[in-house]
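Respectively, the protein sequence lines represent chains A and B. Residue 309 is where the first sequence ends in our numbering, and the numbering goes up by one at each step. Residue 129 is where the second sequence ends in our numbering, and the numbering goes up by one at each step.
Hint data in this document are derived by calculation from the structure and do not stem from the laboratory. All C-beta atoms, glycine included, are put in the ideal place defined by N, C-alpha and C. Incorrect hints may have been included.
Listed next, the stretches of chain B that the computed footprint assigns to chain A, with coverage defined by at least 3 CB atoms under 8 Å from CB atoms of chain A [said to hold, decoys possible]: (1) 51-60; (2) 100-112; (3) 121-127.
Just a few of them, taken from the derived set where beta-carbon distance is under 8 Å, the chain A residues facing chain B [said to hold, decoys possible]: (4) Thr225; (5) Tyr227; (6) Ser234; (7) Gly238; (8) Leu239; (9) Phe285; (10) Gly289; (11) Lys296; (12) Gly300; (13) Gly302.
Dumping the calculated BS3-like pairs for lysine-lysine here, alpha-carbon to alpha-carbon at most 25 Å [stated by the list, open to error]: (14) Lys58/B to Lys291/A; (15) Lys71/B to Lys296/A; (16) Lys244/A to Lys58/B; (17) Lys23/B to Lys58/B; (18) Lys23/B to Lys71/B; (19) Lys291/A to Lys263/A; (20) Lys244/A to Lys296/A; (21) Lys71/B to Lys58/B; (22) Lys291/A to Lys244/A; (23) Lys296/A to Lys58/B; (24) Lys296/A to Lys263/A; (25) Lys291/A to Lys71/B; (26) Lys28/B to Lys58/B; (27) Lys244/A to Lys263/A; (28) Lys244/A to Lys256/A.
The residues making up each chain are set out below.
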Amino acid sequence: AQSVTQPDIHITVSEGASLELRCNYSYGATPYLFWYVQSPGQGLQLLLKYFSGDTLVQGIKGFEAEFKRSQSSFNLRKPSVHWSDAAEYFCAVGAKSSGDKLTFGTGTRLAVRP
Amino acid sequence: NAGVTQTPKFRILKIGQSMTLQCAQDMNHNYMYWYRQDPGMGLKLIYYSVGAGITDKGEVPNGYNVSRSTTEDFPLRLELAAPSQTSVYFCASSYEGQGVFSEQYFGPGTRLTVT
Numbered sequence: 196a197q198s199v200t201q202p203d204i205h206i207t208v209s210e211g212a213s214l215e216l217r218c219n220y221s222y223g224a225t226p227y228l229f230w231y232v233q234s235p236g237q238g239l240q241l242l243l244k245y246f247s248g249d250t251l252v253q254g255i256k257g258f259e260a261e262f263k264r265s266q267s268s269f270n271l272r273k274p275s276v277h278w279s280d281a282a283e284y285f286c287a288v289g290a291k292s293s294g295d296k297l298t299f300g301t302g303t304r305l306a307v308r309p
Numbered sequence: 015n016a017g018v019t020q021t022p023k024f025r026i027l028k029i030g031q032s033m034t035l036q037c038a039q040d041m042n043h044n045y046m047y048w049y050r051q052d053p054g055m056g057l058k059l060i061y062y063s064v065g066a067g068i069t070d071k072g073e074v075p076n077g078y079n080v081s082r083s084t085t086e087d088f089p090l091r092l093e094l095a096a097p098s099q100t101s102v103y104f105c106a107s108s109y110e111g112q113g114v115f116s117e118q119y120f121g122p123g124t125r126l127t128v129t
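Construct the entire structure; sequences and hints are all you get.
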């Protein structure tokens, strides 16, 4: 069965430090990969997505993610975190061969220390 | 553009009551979705629609109904509320391009408590 795992429930980083949020998936085919961010009290917003091509994708707000097929991972990174990045981050995965359905991870809550 | 709007923002229901969660979008998107988000869990798809008059079940449809009479509106109906339906409900929409894999635009959510 298809699955998405975000191993870190909660991460705290200092402002200005680098960030990496992990996402691992289990899919038979090459998946469509997404990172969404949810600020407190708001709906989700797309940060970036990967369908094909260059495995390093750039998103909004200075985020990037790298698709590593050999590790079944799509980790989200940011070189320097800002206080406004405090939010919950969701990885989502889908594949046309698995039906038209996105599977969301359980999320990683990011806190930013001043 | 208002984007995706949802009403109400909060609601408390008694067991067995019914209600409709409203969702509207002004982006002329064909695809619309209803998700629920439980604490510590990812979003689960309840129902989705690929256009007016067309709806389909998602992962967790039991206890819910939907209709899509216009492109703009996609209400979610709870007929007999149960405590297990306590959750935050999100409506989303996307353009047709990549179907459900297009960027989804989310509303602010409705927090529902059933007691």
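* Asked: Does the structure break any of the earlier hints, and which numbers would those be?
  -> 4, 6
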